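Asks: The primary structure of each chain is shown beneath.
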Amino acid sequence: MRAKRWVRYTKGLLKEIGIEPERLEMFNMSSSMATAFAEAVEEMTRRAKELGPSPLKRKKEAA
Amino acid sequence: MPIPFAEALRTKEFVVTAEIGPPKGVDIDEMLHHIDLLKDKVDALNVTDNQSSVMRIGSLPVCKLIKEAGGEPILQMTCRDRNRLALQSELLGAYVLGIRNVLALTGDYITVGDHPEAKPVFDIDSVLLVKLIKQLEQGRDFAGNELKGAPKFCVGAIVTPEADPIEPQLLKFEKKIKAGAEFIQTQAIYDLDNFKKFMRYARKFNVKILAGIVLLASAGMARFMNANVPGIFVPQPLIDELASAPKGKALEKGIEIAGRMIKQIREEKICDGVHIMAIGREHLVPEILSAAGM
Amino acid sequence: MIVGQRKPFDEIKSYVDGCQRILVLGCGTCVAVCMAGGEKEVQILASQLRIAFKEEGKDVQVDEETILRQCDREYFDTLKDRVDKYDVVISMACGAGVQLAAELFPHRVVVPALNTTFIGIAEKEGVWSEKCRACSNCLLAETGGICPITICPKGLVNGPCGGTNHGKCEVDKNKDCAWTLIYRRLEGQGRLEKIREIHPPKNYKVQTTPATIWHAAYREEEA
Chain A
9 MRAKRWVRYT KGLLKEIGIE PERLEMFNMS SSMATAFAEA VEEMTRRAKE
59 LGPSPLKRKK EAA
Chain B
314 MPIPFAEALR TKEFVVTAEI GPPKGVDIDE MLHHIDLLKD KVDALNVTDN
364 QSSVMRIGSL PVCKLIKEAG GEPILQMTCR DRNRLALQSE LLGAYVLGIR
414 NVLALTGDYI TVGDHPEAKP VFDIDSVLLV KLIKQLEQGR DFAGNELKGA
464 PKFCVGAIVT PEADPIEPQL LKFEKKIKAG AEFIQTQAIY DLDNFKKFMR
514 YARKFNVKIL AGIVLLASAG MARFMNANVP GIFVPQPLID ELASAPKGKA
564 LEKGIEIAGR MIKQIREEKI CDGVHIMAIG REHLVPEILS AAGM
Chain C
67 MIVGQRKPFD EIKSYVDGCQ RILVLGCGTC VAVCMAGGEK EVQILASQLR
117 IAFKEEGKDV QVDEETILRQ CDREYFDTLK DRVDKYDVVI SMACGAGVQL
167 AAELFPHRVV VPALNTTFIG IAEKEGVWSE KCRACSNCLL AETGGICPIT
217 ICPKGLVNGP CGGTNHGKCE VDKNKDCAWT LIYRRLEGQG RLEKIREIHP
267 PKNYKVQTTP ATIWHAAYRE EEA
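As given, the protein sequences belong to chains A, B and C, one line each in that order.
According to the numbering used here, the stretch in the first sequence is residues 9 to 71, in order.
According to the numbering used here, the stretch in the second sequence is residues 314 to 607, in order.
According to the numbering used here, the stretch in the third sequence is residues 67 to 289, in order.
Rather than coming from a laboratory, the hints here were simulated on the basis of the structure.
It cannot be assumed that every hint is accurate.
[What the hints assert, rightly or not] Here are the simulated EDC-like pairs of lysine to aspartate or glutamate, each with C-alpha atoms no more than 16 Å apart in a straight line:
| hint | chain 1 | residue 1 | chain 2 | residue 2 |
| --- | --- | --- | --- | --- |
| 1 | A | Lys65 | C | Asp129 |
| 2 | C | Lys239 | B | Glu480 |
| 3 | A | Lys23 | C | Asp153 |
| 4 | A | Lys23 | C | Glu121 |
| 5 | C | Lys146 | C | Glu130 |
| 6 | A | Lys65 | C | Glu121 |
| 7 | B | Lys491 | C | Glu259 |
| 8 | C | Lys260 | B | Glu480 |
| 9 | C | Lys79 | A | Glu33 |
| 10 | A | Lys23 | C | Asp138 |
| 11 | B | Lys491 | C | Glu263 |
| 12 | C | Lys260 | B | Asp477 |
| 13 | C | Lys73 | A | Glu33 |
| 14 | C | Lys234 | B | Asp477 |
| 15 | C | Lys271 | B | Glu480 |
| 16 | C | Lys234 | B | Asp436 |
| 17 | A | Lys65 | A | Glu51 |
| 18 | A | Lys65 | C | Asp125 |
| 19 | A | Lys12 | C | Glu191 |
| 20 | C | Lys151 | C | Glu121 |
| 21 | C | Lys120 | A | Glu33 |
[What the hints assert, rightly or not] Taking CB as the label site, the calculated pair distances span:
| hint | chain 1 | residue 1 | chain 2 | residue 2 | range |
| --- | --- | --- | --- | --- | --- |
| 22 | A | Arg13 | B | Lys447 | 53 to 63 Å |
| 23 | A | Met9 | C | Gln71 | 21 to 31 Å |
| 24 | A | Arg16 | B | Lys432 | 31 to 41 Å |
| 25 | A | Leu64 | C | Pro172 | 45 to 55 Å |
| 26 | C | Ser113 | B | Pro374 | 41 to 51 Å |
| 27 | C | Gly192 | A | Pro61 | 26 to 36 Å |
| 28 | A | Met9 | B | Lys491 | 30 to 40 Å |
| 29 | B | Gly561 | A | Arg13 | 30 to 40 Å |
| 30 | C | Val175 | A | Arg16 | 49 to 59 Å |
[Claimed, not checked] Computed footprint of chain A on chain C; a stretch qualifies when at least three of its residues, placed anywhere within it, have a C-beta under 8 Å from a C-beta of chain A:
| hint | stretch |
| --- | --- |
| 31 | 69-80 |
| 32 | 230-238 |
Computed from a predicted model, the values in this text were never measured in an experiment.
We put the CB at the ideal spot given by N, CA and C, even for glycine.
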């Protein structure tokens, strides 16, 4: 519960400075849940691809 | 010339007052019409003070207009917008303009109105405002300094008989009487059995009680007040009665209900009079009175 | 304690736009406890600023420091020599701390990162509520330990207004009516006589602004 609160809060901090909050996520699972872990990794990879390079990198490239 | 309200309270078996809400803006034609229509039908006209914390023409100038029109005004004064200096100087000013009756209220909070960012004052409260007026009458201001000429007012305050819980409300009611209130006007009442219970208690005190009568315009208004207005309770049978009125006739039903309640209060001598609040429908007060057989 | 709340990031950033060297200065006492301006919050704000400036392609130095109390001169001693390095100090203290920082560093711009909200208590983790208005005239002995100046929005001292409803406040239906609470508590203690008498008007003279207090042991004339 506590971690969930703070992840939500941190998403807000990211949003304040113009970074997509979707770049951060929390997944609940135990160490034996290999499929769930793989799915979470895939989800985050998909998100990263969809969002593209981080706004920080983009700026650097442009400069 | 109307008889002074203090005298009406003393001598009449049943007094009637009505409320005048000043307009927001300087077009006062409609209000003057209402004053003209009501001034001879009621014992006094009670002028609200930035009612519901919505900025309008002040109570004092409208009281003066009522005076000029030949009516008997009651100056409502809240503690929301003025500190003790402003309250006192306005009271002295009211007196020299011929205004002799004051109703002391705490006032709604600022944020319920149309200037929610303004500073709420509440330097003193309604109990202390009654006390302050009494002190002016003794020739002393609230700080104890001597006045050059003392005013004399007929002072009223309010009570909410349907408040929940009622005990803290009654504690304050007793303080208002102790401070010197001569009459007490109630928040709108609809349940007369409950009100009779309150009156059995209130009769112990040497104070005149005027029952608050708010005109119900529809079943929806009654339900809205039950849900949103603290201290107002419209019993279900009255709501059903309004709802059962034919389309477009709910207001007529409301007038009938108000008239019926006033008649019962008067005939059974439940209290000393009524204060009618038609809230924007002041022109209907004569109809309410005739429905009450007055 | 003093409870504060951090200002929105955009507002804080607007104070420091164009600066090259920024010191984010935390306060380790009240505002640290209410998670608004302590060491951890300094780290968060400084990180946010660094990332935001980097996004804009700006090279800005953002340093962090937290002292035990910004309302006490002695704790600033360690900073005195370093502060000249910065264009601006973002103080994460309450309004008192910000002002002392500004007084001690008169040649540096000092800006606030918090809105100071009230004197209050911790209700539970992450929740604080206002309890005291610092009116200089405590009447809690008469009101069953419940402050009507603070808990009643109108600060009424003679009982509830007509807006109280089912024990709640007309201003906010989620908040308790102070006078219903006071009545119930004194009733339970058999001490209702405490509030039956008319309470005198509030004395604003004792709230002279700004106030200065001398401890009885430290006499003014010896200063």
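Asks: If a hint holds in the structure, say so; if it does not, say that too.
Replies: The hints, checked one at a time:
Of the supplied pair hints, the one linking A:Lys65 and C:Asp129 is violated, its CA atoms being roughly 23 Å apart against a limit of 16 Å. The hinted pair formed by C:Lys239 and B:Glu480 fails the criterion: a straight-line CA distance of about 20 Å is larger than 16 Å. Taking the CA atoms of A:Lys23 and C:Asp153, the gap is near 27 Å; set against the 16 Å cutoff, the hint is violated. Of the pairs offered as hints, the one joining A:Lys23 and C:Glu121 holds, with about 13 Å between alpha carbons and a cut-off of 16 Å not exceeded.
With a C-alpha separation of about 15 Å, the suggested pairing of C:Lys146 with C:Glu130 holds against the 16 Å cut-off. Distance hint between A:Lys65 and C:Glu121 is fulfilled; the C-alpha atoms sit about 8 Å from each other, no more than 16 Å. About 15 Å separates the Cα atoms of B:Lys491 and C:Glu259, which keeps this hinted pair within 16 Å; it holds. Taking the CA atoms of C:Lys260 and B:Glu480, the gap is near 15 Å; set against the 16 Å cutoff, the hint holds.
Restraint check for C:Lys79 and A:Glu33: not satisfied, since their Cα atoms lie roughly 26 Å apart, outside the 16 Å limit. The hinted pair formed by A:Lys23 and C:Asp138 fails the criterion: a straight-line CA distance of about 35 Å is larger than 16 Å. With a C-alpha separation of about 9 Å, the suggested pairing of B:Lys491 with C:Glu263 holds against the 16 Å cut-off. For a cut-off of 16 Å, the pair hint linking C:Lys260 to B:Asp477 is broken: about 21 Å separates their Cα positions.
For the suggested pair C:Lys73 and A:Glu33, the alpha carbons sit about 25 Å apart, so the restraint of at most 16 Å is broken. About 9 Å separates the Cα atoms of C:Lys234 and B:Asp477, which keeps this hinted pair within 16 Å; it holds. Of the pairs offered as hints, the one joining C:Lys271 and B:Glu480 is violated, with about 33 Å between alpha carbons and a cut-off of 16 Å exceeded. A threshold of 16 Å between alpha carbons decides the hint, and for C:Lys234 with B:Asp436 the separation of about 22 Å lies outside it, so the pair is violated.
Taking the CA atoms of A:Lys65 and A:Glu51, the gap is near 21 Å; set against the 16 Å cutoff, the hint is violated. Between the alpha carbons of A:Lys65 and C:Asp125 the distance comes to roughly 15 Å, so the proposed pair stays at or under 16 Å and holds. For the hint pairing A:Lys12 with C:Glu191, the CA-to-CA distance comes to about 14 Å; that is within 16 Å, so the pair holds. Restraint check for C:Lys151 and C:Glu121: the C-alpha separation of about 24 Å exceeds 16 Å, so the hint is violated.
Distance hint between C:Lys120 and A:Glu33 is unfulfilled; the C-alpha atoms sit about 23 Å from each other, more than 16 Å. Judged by the Cβ atoms, the range 53 to 63 Å given for A:Arg13 and B:Lys447 holds: they are separated by roughly 56 Å. Range check, A:Met9 to C:Gln71: about 22 Å between beta-carbon atoms, so the 21 to 31 Å window is met. The hinted window of 31 to 41 Å between A:Arg16 and B:Lys432 holds, with their beta carbons roughly 36 Å apart.
The supplied range of 45 to 55 Å is broken by A:Leu64 and C:Pro172, whose beta-carbon atoms lie about 37 Å from each other. A C-beta distance of roughly 60 Å is found between C:Ser113 and B:Pro374, which places it outside the suggested range of 41 to 51 Å. Separation of C:Gly192 from A:Pro61 is about 35 Å and conforms to the stated range, judged on CB atoms against 26 to 36 Å. Here the CB-CB span from A:Met9 to B:Lys491 is close to 53 Å, at odds with the stated 30 to 40 Å.
For B:Gly561 paired with A:Arg13, a C-beta distance near 55 Å fails the hint of 30 to 40 Å. A hinted range of 49 to 59 Å for the beta carbons of C:Val175 and A:Arg16 is inconsistent with their spacing of about 34 Å. Residue count for the stretch 69-80 of chain C with a Cβ under 8 Å from a Cβ of chain A: 3. That meets the three needed, and the coverage hint holds. Under a criterion of three residues with beta carbons nearer than 8 Å to beta carbons of chain A, the stated coverage of the stretch 230-238 of chain C fails, only 0 such residues being counted.
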